[in-house]
Amino acid sequence: MIPLVSMTGIDKSFPGVRALKGAQFELLSGEVHALMGENGAGKSTLMKILSGVYSADTGQILVDGKPATISGPREAQALGISIIHQELALMRDLTAAQNIFIGREPRRGFLLDEAALNRDAEAIFRSMNLALDPRVPVESLTIAKQQMVEIAKALSYRSRVLIMDEPTAALNDAEINELFTIIERLKAEGVGIVYISHKMDELKRIADRVTVMRDGEYVGTVPAALTPIETIIQMMVGRTLSNETAVVPDTAAAPVALEVRGLSRGREIRDVSFAVRKGEILGFAGLMGAGRTEVARAIFGADPLEAGEILVDGTKVTIRSPQDAVRAGIGYLSEDRKHFGLATGMDVRNNIALASLRRFTGAAGVLRDGAMRQTAQGFIKQLAIKTPSDTQEARLLSGGNQQKVVIAKWLLRDCPILIFDEPTRGIDIGAKSEIYKLLNALAAQGRAIIVISSELPEVLRLSHRIAVMCEGRLTGFLPAGAPQQDIMRLATLRPSAVETSEPNRKAAS
Amino acid sequence: MSTIATSDRPSLLAGIRSSGAYHKLLAFSGLIVLLVVFSLASPNFLQTANVLAILQATSVNGVLAIAATIVIITGGIDLSVGTLMTFCAVIAGVLLTNNGMPLPVGVLGAILAGTVSGLISGTIVAKLKVPPFIATLGMMLILKGLSLVISGTKPIYFNNTPGFTQIAQGSLIGSVIPALPVPNGVLILFLVAIVISFVLSKTALGRYTFALGSNEEAVRLSGVNVDRWKIGVYALAGSVVGIAGLLIASRLNSAQPALGQGYELDAIAAVVIGGTSLSGGRGTVLGTLIGALIISVLANGLRILSVAQEWQTVVTGLIIILAVFADILRRRKL
Amino acid sequence: MSTIATSDRPSLLAGIRSSGAYHKLLAFSGLIVLLVVFSLASPNFLQTANVLAILQATSVNGVLAIAATIVIITGGIDLSVGTLMTFCAVIAGVLLTNNGMPLPVGVLGAILAGTVSGLISGTIVAKLKVPPFIATLGMMLILKGLSLVISGTKPIYFNNTPGFTQIAQGSLIGSVIPALPVPNGVLILFLVAIVISFVLSKTALGRYTFALGSNEEAVRLSGVNVDRWKIGVYALAGSVVGIAGLLIASRLNSAQPALGQGYELDAIAAVVIGGTSLSGGRGTVLGTLIGALIISVLANGLRILSVAQEWQTVVTGLIIILAVFADILRRRKL
Amino acid sequence: QEAREIALISKGFQHQFWQAVKAGADKAGAELGVTVTFEGPDNETQVDRQIDMLAAALSRNPAAIGFAALDSQAATPLLQQAKDAGIPVIAFDSGVDSDIPLTTATTDNVAAAALAADKMAELIGEEGKIAVVAHDQTSRTGIDRRDGFVNRIAEAYPNIEIVSVQYGGGDQLQSTEITKSILLANPDLKGIFGTNEGSAIGVANGKQELNSQVVVIGFDSGAAQKGMVESGLMNGAITQNPVGIGYETVKAAVTALDGGELPDIIDTGFFYYDATNMDDPEIAAVLYD
Ligand SMILES: Nc1ncnc2c1ncn2[C@@H]1O[C@H](COP(=O)(O)OP(=O)(O)OP(=O)(O)O)[C@@H](O)[C@H]1O
Ligand SMILES: Nc1ncnc2c1ncn2[C@@H]1O[C@H](COP(=O)(O)OP(=O)(O)OP(=O)(O)O)[C@@H](O)[C@H]1O
Ligand SMILES: [Mg+2]
Ligand SMILES: [Mg+2]
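Chains as they are written, first to last, in my numbering: chain A, 1 to 509; chain B, 1 to 334; chain C, 1 to 334; chain D, 1 to 289.
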């Protein structure tokens, strides 16, 4: 059988970085081929070459056994290759439908046929069981829904090769299930799918084969079903990882570090009250749009509040801006690193120092760059941030490494209360366990930590206590190690955006 | 802006959409406030003749501002609109007066000159990747010089083309309804506004105009020929500027080669006052029209009140800031 | 450019850093090409007196452009630099001539006037959230009007303050090395460039200037008081403009109240030619200095060659586009 | 042998008045066998640009310099430099407050504007409201013409009231809009004075667009203004003799170079013209297109 795509000997260098060294990859039709590797291993770069975003320095690409030169996204599309990018590439001011069909708008003569456009988009959404109005501007959508729009866009090309670069990083379980149903269907139609993810459990569920990369090089290709996860992880990181579970310390006697009472704002936040003790990790679970991010942003002063009070160490504080919050000792790592986390044009060093410049300001306001460099390099080592130097621009880092930079920023700021919103989004498994260790260590030092995560296993593994939200309400607290069903019950007092129940599906088709 | 995630409730969507309309209405209400204040302050202000004078005074800047709007929505900027306008007027003069061509040739020639210049600017931006600010700054100077060269640094008069002054100064409406002698220049402004609104909202070119300003890289990654559309946008803007050139030449019955520089600032100001963001992706022709009207109402009203000129300038500056600030306040409250 | 991926070799780091320097060197080489061409074309061009004239002609626009650079790096824009310069000059005139204050009071007064105006612009931008284009357009008009009001629409001469003309026209260097009578204005330009370079690269204010232009929201969510720093940036720019006001007043031995509008375009052009992006987050004072020099070398060289004035304009436009394009080409090749 | 260069730095370039000065200078250059260069800033506020032009001209080592100062004081150091280098300086258009220029070829703008005031008074019957649309609030010519006109009215015509003085920068379109608002705000207005070519044409345009019968007195000439005077849209205008100014400036420079004597002032004169006297040979000679 001639492979759909075969890439061999691919080299690619960026200034200061050799991203790929003789990488290779093969995709058969009708298979889901997972591409695995640590952050910065070169997965996205390899797939960008296949989809015409970059051109390889050397190497050969065969499509249907014939040599192909892919000099741009258009050529890739013509060859039947489409891609869902890791970093969302949407036109914020356009609607969902307009985004999906950009460049291929249905027309009536000279004019755009907006009705047909929306109809076609609606049809795609329906086939994905996605309840989304095609006429909404994507700007007003959550990242998760924006991700769904990207998926819809990729599907609309009806390609033979579909590359998905971390499509589930922003999705919750229901949405992931729906995506997998779609993948199964495409697979049955003979579409070849490249699937990049850091979520190991997904491999067993959908992948047929797994190719592992490390440091831009090809490590090996193994069948997914027969290979133990541990083996794949070892191929990725070059060592075995131990799989610890949370050790829940007894914090009942510790003083309360942060308490919120009756936080409210419209329908987004409804009467939310909770408390976190020093040394405690409070996990927040919930479905997409449950309001966890809203609560965190409101506590942090990033968005206004209508009612409620916030107490730090038992005293009431007024927080009107992030500056107030940080002064009160609260740090917040945003779920959207690109828009809210990184100064993308600045280098790694300055991004890490961004929240703590004052500590590097010497006499007469002059910055101590040497100290900044040392600190930055310390974090680069501690978090294994893959970057040619601390003066590399943050936007040139791989997605996962960007996330680590933002984490470093808050670690450096060293707040007694830390809110992490989706801290491991896009982070590889090795680094993830590093970050878990770090969070545990921070808690052990007496910091109060809130972790918001859409990955239930993550919440379960980290939390000393679990808060569950739904529709802006805190629907309950659960102890560490609570069964997943209990969490889901509290989290699903209303249906998620994706309709998973069978009757609905029938009604839609 | 509502942030609630339920997306399929029509009421919400309707809310979002009508809030857009409401925004425009608000900028409009800023204009209304000005109108009310001035008409209370001077009985001469709301006379038909003065209203027509204000509209007539808006026509050239309005058309230029519409051209600037198109480019600004892509996230670019066009500094050459002022001198290009003059260049187009001079081309009309050369064709009609120096070469005795018939009127339609002059009209088409001016618009074509604008289009070609826009094509060149667009090519410099899209193909040579020169930032729009520099590309159009260069074009501004080139066109300014060329206008002087071509015209021999002398105004060209249209005395041999009797119909020419009718383009802006005649009144088709007035010949039907004598009580309402709306000059053709104003008619043309509204026509251009309608056509460009239509192009922006209903055609592929319009769609890509917004898409480019929203996220050019994403458009490129979608396999769209970004360069071609971008050049198209500048060319469209150029042809609109050609119309402005005809309007000003018709009003002055001459092509004045020295005029034009500085007009770009008024045009861009109208665009920004009208709510179009300089970072691209959003903007409306209606907003720009209102912005241009605010500028001419201010100028006219302060003159009618015989405010000393140096104070006119101060007050204009203040009101521009206040008008935009008021708009921001209201939007925040929504 | 080395492409080897080993990441911790110091040589590589040096390579990356020097590539930044290399970029600047390239813009610089564009300037060199101009210098070579003009000196081949005319024996008068490279004479000491003419070189000094070019530098002197750069001083005012150079200082203005440095002020504009600071604001542009934050992703903003300052249209008021031209008229603010005039306003500061008028303030100096009022203090020194109309009120007979001693020279230092006039100097400080002018700089303070610039700082306060910058504070106001910054506050309008940061607190009222008015887009910088509008805020500074408004300030441009307000200051233009106020200059006329305060001066009584008449130039104010500094004949009673004998030292005043020395600020720009005297020559400290010349008094030491008579063969090199570099005017103080040029010295001040370089001094301002060095100080602002230092502030931008070594102080917290400078760091936030870049950070704001890179991603303001991320800075805010890092707990930084974004508003305060932004106001600081505009105030710093304002005080630099104050220095420009002193320079021009000293050169003309008078505060000319009508001057100034239009100067913002030259200043911004110098910034952009110097490689600073209007979308913020990056830029260098050195680049701006080279941009300003390119503009004055062009103007001077074409005059020395007695090119007809209308063609001077055309050629200037062409060369500005070409200079930036050449720079882009070379960077792409790196 | 290379022709001697006479470098003229004027106050403007693109306007017809300055182009006529240039034409006169070129004519003299051709007759006297010297090279004439001619440069000027975009508008009359750009004092420092003019200084830069003067500096660049000096770097060329011209034989002589003709200079129309936007601000005489500002140019003093450079003029001194010219004097030290032995380059003769001739002032034109308006005087330079300095003893460096050997002579000045000029128009008395104050007197010219006073003549405009007399003509205006005559045409409106020495009573009623009038207005001024000036080209500039701060430049020498702007101030002289405005003040010459306003002061003459104040002194000689107590029954005439000047209701508005506004400035259109010499931009025709802006002057048109200003005129229209003045006319609409003052329906009983009797006359308007436009202080230069752009202002005058703008005033006449505004009058035409509103179908007004207001009396218009202009300044300067040019094809459009001549046409308007001819058609009666403009009742009359003052013209200077810019061709003469340019011619005399270059001629004086050559005289100076050849060691000849020069008077302190070369008054090139001004004239009032209207539809009745335009074709007089004396007037026609000073009108320009
Ligand atoms: N445009 C670029 N310029 C410079 N370096 C780049 C560029 N794009 C990628 N890199 C570098 O190439 C390497 C590979 O990056 P890539 O994005 O392919 O990693 P990845 O495997 O997708 O990682 P992740 O799992 O974090 O997304 C990284 O070291 C990254 O910093
Ligand atoms: N700054 C903001 N501007 C506009 N909308 C916002 C902003 N921040 C959050 N939202 C929206 O508020 C809604 C509430 O979702 P929120 O992100 O709080 O839920 P969540 O439980 O954190 O879910 P998720 O898993 O998607 O992060 C979402 O639609 C989100 O996009
Ligand atoms: Mg990646
Ligand atoms: Mg969230």
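Hints are computed from structural coordinates only; laboratory data are not their basis. Treat the hints loosely; a few may be bogus.
Unchecked claim - Straight-line alpha carbon distances no greater than 30 Å define the calculated DSSO-like cross-link-like pairs of lysine-lysine that follow:
#, chain 1, residue 1, chain 2, residue 2
1, B, K154, A, K338
2, C, K127, A, K338
3, C, K154, D, K119
4, A, K338, C, K129
5, D, K119, D, K129
6, C, K154, A, K338
7, D, K119, B, K154
8, A, K204, A, K437
What the hints assert, rightly or not - Partner residues are not named here, just some residues of chain C that face chain B (Cβ under 7 Å, in silico):
#, residue
9, I120
10, F133
11, L148
12, V149
13, I150
14, I194
15, V195
16, V272
17, T313
18, G317
19, I320
20, F325
21, I328
Using N, Cα and C, we set each Cβ at its ideal position, and we do this for glycine too.
Going down the list of hints, with the structure as the test:
1. A threshold of 30 Å between alpha carbons decides the hint, and for K154/B with K338/A the separation of about 56 Å lies outside it, so the pair is violated.
2. With a C-alpha separation of about 25 Å, the suggested pairing of K127/C with K338/A holds against the 30 Å cut-off.
3. For the suggested pair K154/C and K119/D, the alpha carbons sit about 29 Å apart, so the restraint of at most 30 Å is met.
4. For a cut-off of 30 Å, the pair hint linking K338/A to K129/C stands: about 23 Å separates their Cα positions.
5. Distance check on the hinted pair: K119/D and K129/D sit about 15 Å apart at the alpha-carbon level, within 30 Å; holds.
6. Distance hint between K154/C and K338/A is unfulfilled; the C-alpha atoms sit about 54 Å from each other, more than 30 Å.
7. As the CA atoms of K119/D and K154/B are separated by approximately 29 Å, the hinted pair is consistent with the 30 Å bound.
8. As the CA atoms of K204/A and K437/A are separated by approximately 26 Å, the hinted pair is consistent with the 30 Å bound.
9. Nearest Cβ of chain B to the Cβ of I120/C: about 10 Å, over the 7 Å cut. The hint is violated.
10. Hint on F133/C holds. Least Cβ distance to chain B is approximately 5 Å, under the 7 Å limit.
11. The restraint placing L148/C at the interface with chain B holds, with a minimum CB-CB distance near 4 Å, inside the 7 Å limit.
12. For the restraint placing V149/C at the interface with chain B, the shortest Cβ-Cβ distance is roughly 5 Å, inside the 7 Å limit, so the hint holds.
13. Taken as an interface hint, I150/C does not check out: its beta carbon lies about 9 Å from the nearest beta carbon of chain B, beyond 7 Å.
14. With a least beta-carbon distance of about 26 Å to chain B, the hint placing I194/C at the interface is violated under the 7 Å criterion.
15. Hint status for V195/C relative to chain B: violated, with the closest Cβ pair at about 27 Å, above 7 Å.
16. Against a cut-off of 7 Å between C-beta atoms, the interface hint on V272/C holds, since the closest Cβ of chain B lies about 5 Å away.
17. Because the smallest distance between the Cβ of T313/C and any Cβ of chain B comes to about 3 Å, under 7 Å, the interface hint for this residue holds.
18. Annotation: interface hint on G317/C holds; nearest CB of chain B at approximately 3 Å, less than 7 Å.
19. A distance limit of 7 Å between C-beta atoms decides the matter here; for I320/C the minimum to chain B is near 5 Å, and the interface restraint holds.
20. Because the beta carbon of F325/C sits about 5 Å from the nearest beta carbon in chain B, less than 7 Å, this interface hint is met.
21. Annotation: interface hint on I328/C holds; nearest CB of chain B at approximately 5 Å, less than 7 Å.
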